[in-house]
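Make the full structure from the sequences, and use the hints.
Sequence lines, in order, name chains A, B and C.
Residue numbers for the first sequence follow our numbering, beginning at 1 and rising by one.
Residue numbers for the second sequence follow our numbering, beginning at 360 and rising by one.
Residue numbers for the third sequence follow our numbering, beginning at 616 and rising by one.
None of these hints come from the bench; they were simulated from the model.
It is possible that some hints are incorrect.
What the hints assert, rightly or not - Here are the computed lysine to aspartate or glutamate pairs in the EDC-like style, where the Cα-Cα straight-line distance is at most 20 Å:
1) B:Lys-426 x A:Glu-101
2) C:Lys-689 x C:Asp-666
3) A:Lys-214 x B:Asp-381
4) C:Lys-618 x B:Asp-518
5) B:Lys-411 x A:Glu-195
6) C:Lys-688 x B:Glu-364
7) B:Lys-375 x C:Glu-628
8) B:Lys-426 x A:Glu-201
9) A:Lys-211 x B:Asp-377
10) B:Lys-426 x C:Glu-628
11) A:Lys-305 x A:Glu-330
12) B:Lys-610 x C:Asp-666
13) A:Lys-214 x B:Asp-377
14) C:Lys-655 x B:Asp-381
15) B:Lys-426 x A:Asp-210
16) B:Lys-411 x A:Glu-201
17) A:Lys-214 x B:Asp-429
18) A:Lys-214 x B:Glu-401
19) A:Lys-284 x A:Asp-349
20) C:Lys-689 x B:Glu-369
21) A:Lys-211 x B:Glu-410
22) A:Lys-199 x B:Asp-453
23) A:Lys-238 x A:Asp-137
24) A:Lys-211 x B:Glu-401
25) B:Lys-363 x C:Glu-690
26) C:Lys-689 x B:Glu-364
27) B:Lys-363 x C:Asp-666
28) C:Lys-689 x B:Asp-361
Listed here are the chains, written in short residue letters.
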Amino acid sequence: MADQEITLMKGNEAIAHAAIRCGCDGYFGYPITPQSEVLETLAEQKPWETTGMVVLQAESEVSSINMVYGGAGCGKKVMTSSSSPGVSLMQEGMSYLAGAELPCLVVNVSRGGPGLGTIQPSQADYFQSCKGGGHGDYRLIVLAPSSVQEMADFVDLSFELAFKYRNPAMILSDGVIGQMMEKVVLPPFKPRRTEEQIKKEAPWAALGRDKNRKPNIITSLELDPSVMEDINIRLQKKYAQIQENEVRYEEYMLEDADYAIVAFGSAARIAKKAIELARGEGIKVGLLRPITLWPFPIKQVAALKDKVKGILSLEINAGQMVEDIRLAVECKIPVAHYGRLGGIIPAPDEVVDALKKMM
Amino acid sequence: MDIKEIIQPENMVYHKPDLLNDVPMHYCPGCSHGVVHKLVSEIVAEMGMNEKTVGVSPVGCAVFAYKYIDIDWEEAAHGRAPAVATAIKRLWPDRLVFTYQGDGDLACIGTAESIHALNRGENITIIFINNAIYGMTGGQMAPTTLMGMKTATCPYGRDAKLHGYPLKITELAANLEGTCYVTRQSVHTVGAINKTKKALRKAFENSMQGKGSSLVEIVSTCNSGWKMSPEKANKWMEENMFPYYQLGDLKDTTNQ
Amino acid sequence: MAKMKGATVVNIERCKGCNLCVVACPLHVLALTTKNVNQKGYNYAQTVLEDTCTGCTSCAVVCPDGCITVYRKKEE
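Structure below.
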């Protein structure tokens, strides 16, 4: 495209710019390292003067996520961002959002835990993002960008999926992608939706009751267990539908591979370098990169069991996604894990060593 | 005059507000919530805002407020109603947005959300039902439980050494720059109900005129929790609650 | 001066027998039933002094459940 503007910016900044450009109506957040640039960039850009987007620094992550609940419940396209300890605080709200089936975007630029942990990058929030985190049987749509470009692109995609399924979506990034500067082509400007468009797209939204309809009520409460079970069954059907339709992944040099690395986000970048090194030594290895962590690319990972001799799950954590890989291949081939903890990023040669150890 | 002559549509001087639907309210007999629900229903209609109002219901006895008043509602997590309302009002500035919260919701678990929404001067109304007890969960101690008052979790009476002091959050709110109108009312008599209606109307109008946050506390009874008849509970409230939670306007900057 | 005549109609099934209307009525027009109960099992409010009611609406205003409709007419 001739008019494509290529910019150099941080992943966090890309999130902010993409939000303004994709017609986001509101951002509610609280500062925490390493994601504060999202709110800072928005404050600097003043979108309330241009697109009319609301930007508000809340008193806590608990409050931000409930502002997101409020905004999503009245039909608006709203988001928040935080990092691991802040996202932990949001888990109550995440569960309510999932229960009330509200579309929204939560960005986690994750860091090492547990507890206050470290401000250095980590992928240790995989379980929290993909296996619940909050209470109850629910799922988030979880996208894992591995470049600044994907940080920008996944904002709109997240909203699209969130509204399509009336479900909260999450971008699970980490301090590497959030802080790293890379070239990025920002998405084109899309106007915010009008009141009519919102009413059409979200007829369930609580934004004032039109004369000809019953009140719209946003809630996750139902005291009758038989009705509550029906609601849960409906939710599970929706999740099954998402699992069926929305799996996204990238394959890299898998065609002739004897071994596969499965890695997401920043770890996938390290994996690509490790693959280059390994292939230099004659080891045929490729990469399967889940882009959607939930829905997890179960079929694609399962297919690896007939193709490769072993899988290395490269994660910047103590081994979380590896459980899903083992389930997918039904333990029919060896699945090893390699990762570093506490904010240490594994180096490509360490990954090659781990690969050799598995072989 | 025959009674049939009087009972004619043209002679009707009071009826259940139209916005209050026919679903039987789950509240205990004599509960103050019902009276406040009626007032909210009346005022929204009188302001012509039926189609432009979003209420935020809490966790507590009023959790099902959305079942009874036929406007759009969002049901918030415990204590988070002011955060939910903040977003709705900022995203739809021409809507009438209010929260309806009890003492536990507003003055305990949601203290941060309440104080900060009020301090930001969000153009919302917070309706605060203070009955000094947790009704929904079966009568436990609230942040506003009076000294010496017995509840399920302070069965020997509230003791400052054990439980701290009853929180006058409305006084706190009056000291915040963001609030324009802070008042404490009650609904135990016809006169009190009329005053509360005026206060709520004023608060709602403030929010539509962009004057800032309004907090309307309504000192209420919980006759079940207090283990009294509704009539006796009203009397007990007058004798024990009012001296500590004094009625009247605590702040009004709307005429300045 | 024309005298006001009032009448109250209680939604018996909605009534929870809280007695607040009975207390609020300055003219003791209303009382709870002593024998009859509604489907929920409550003694409900009923008019006992029909001629006395002036239609002041006090009973209806204090009723937490909106059970009472009040009518008022000037006596010719």
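Hints versus structure:
For the hint linking Lys-426 (chain B) to Glu-101 (chain A), the alpha-carbon distance of about 19 Å falls within 20 Å, and the restraint holds. Using a Cα cut-off of 20 Å, the hinted pair Lys-689 (chain C) and Asp-666 (chain C) holds, with the two alpha carbons roughly 13 Å apart. Simply put, Lys-214 (chain A) and Asp-381 (chain B) have alpha-carbon atoms about 14 Å apart, close enough for the 20 Å limit, and the pair holds. The straight-line distance between the Cα atoms of Lys-618 (chain C) and Asp-518 (chain B) is roughly 56 Å, outside the 20 Å bound, and the hint therefore fails.
About 12 Å separates the Cα atoms of Lys-411 (chain B) and Glu-195 (chain A), which keeps this hinted pair within 20 Å; it holds. Among the hinted pairs, Lys-688 (chain C) with Glu-364 (chain B) is consistent with the structure: their alpha-carbon atoms are about 8 Å apart, no more than 20 Å. About 14 Å separates the Cα atoms of Lys-375 (chain B) and Glu-628 (chain C), which keeps this hinted pair within 20 Å; it holds. With a C-alpha separation of about 24 Å, the suggested pair Lys-426 (chain B) and Glu-201 (chain A) falls outside the 20 Å cut-off, and the hint is violated.
Restraint check: the Cα-Cα separation between Lys-211 (chain A) and Asp-377 (chain B) comes to about 13 Å, which is no more than 20 Å; the hinted pair holds. Using a Cα cut-off of 20 Å, the hinted pair Lys-426 (chain B) and Glu-628 (chain C) holds, with the two alpha carbons roughly 18 Å apart. Among the hinted pairs, Lys-305 (chain A) with Glu-330 (chain A) is consistent with the structure: their alpha-carbon atoms are about 9 Å apart, no more than 20 Å. Taking the CA atoms of Lys-610 (chain B) and Asp-666 (chain C), the gap is near 45 Å; set against the 20 Å cutoff, the hint is violated.
About 14 Å separates the Cα atoms of Lys-214 (chain A) and Asp-377 (chain B), which keeps this hinted pair within 20 Å; it holds. For the proposed pair Lys-655 (chain C) and Asp-381 (chain B), the alpha carbon gap of about 15 Å is at most 20 Å, so the pair holds. Distance hint between Lys-426 (chain B) and Asp-210 (chain A) is fulfilled; the C-alpha atoms sit about 17 Å from each other, no more than 20 Å. Of the supplied pair hints, the one linking Lys-411 (chain B) and Glu-201 (chain A) holds, its CA atoms being roughly 19 Å apart against a limit of 20 Å.
A distance of roughly 8 Å separates the Cα atoms of Lys-214 (chain A) and Asp-429 (chain B); the hinted pair therefore holds under the 20 Å criterion. Taking the CA atoms of Lys-214 (chain A) and Glu-401 (chain B), the gap is about 18 Å. The hint holds against a cut of 20 Å. At roughly 15 Å between alpha-carbon atoms, Lys-284 (chain A) and Asp-349 (chain A) fall within 20 Å of each other, so this suggested pair holds. For the hint pairing Lys-689 (chain C) with Glu-369 (chain B), the CA-to-CA distance comes to about 12 Å; that is within 20 Å, so the pair holds.
Under the criterion of a C-alpha separation no larger than 20 Å, the hint pairing Lys-211 (chain A) with Glu-410 (chain B) is consistent with the structure, at around 7 Å. Pair hint Lys-199 (chain A) plus Asp-453 (chain B) holds up; C-alpha atoms about 16 Å apart against a cutoff of 20 Å. Distance check on the hinted pair: Lys-238 (chain A) and Asp-137 (chain A) sit about 12 Å apart at the alpha-carbon level, within 20 Å; holds. Taken as a hint, the Lys-211 (chain A) and Glu-401 (chain B) pair is honoured in the structure, with Cα atoms around 17 Å apart against an allowance of 20 Å.
Restraint check for Lys-363 (chain B) and Glu-690 (chain C): satisfied, since their Cα atoms lie roughly 13 Å apart, inside the 20 Å limit. The suggested pairing of Lys-689 (chain C) with Glu-364 (chain B) holds, with an alpha-carbon distance near 11 Å, which does not exceed 20 Å. With a C-alpha separation of about 12 Å, the suggested pair Lys-363 (chain B) and Asp-666 (chain C) falls inside the 20 Å cut-off, and the hint holds. Between the alpha carbons of Lys-689 (chain C) and Asp-361 (chain B) the distance comes to roughly 12 Å, so the proposed pair stays at or under 20 Å and holds.
Of the numbered hints stated above, those contradicted by the structure are hints 4, 8, 12, listed in ascending order.
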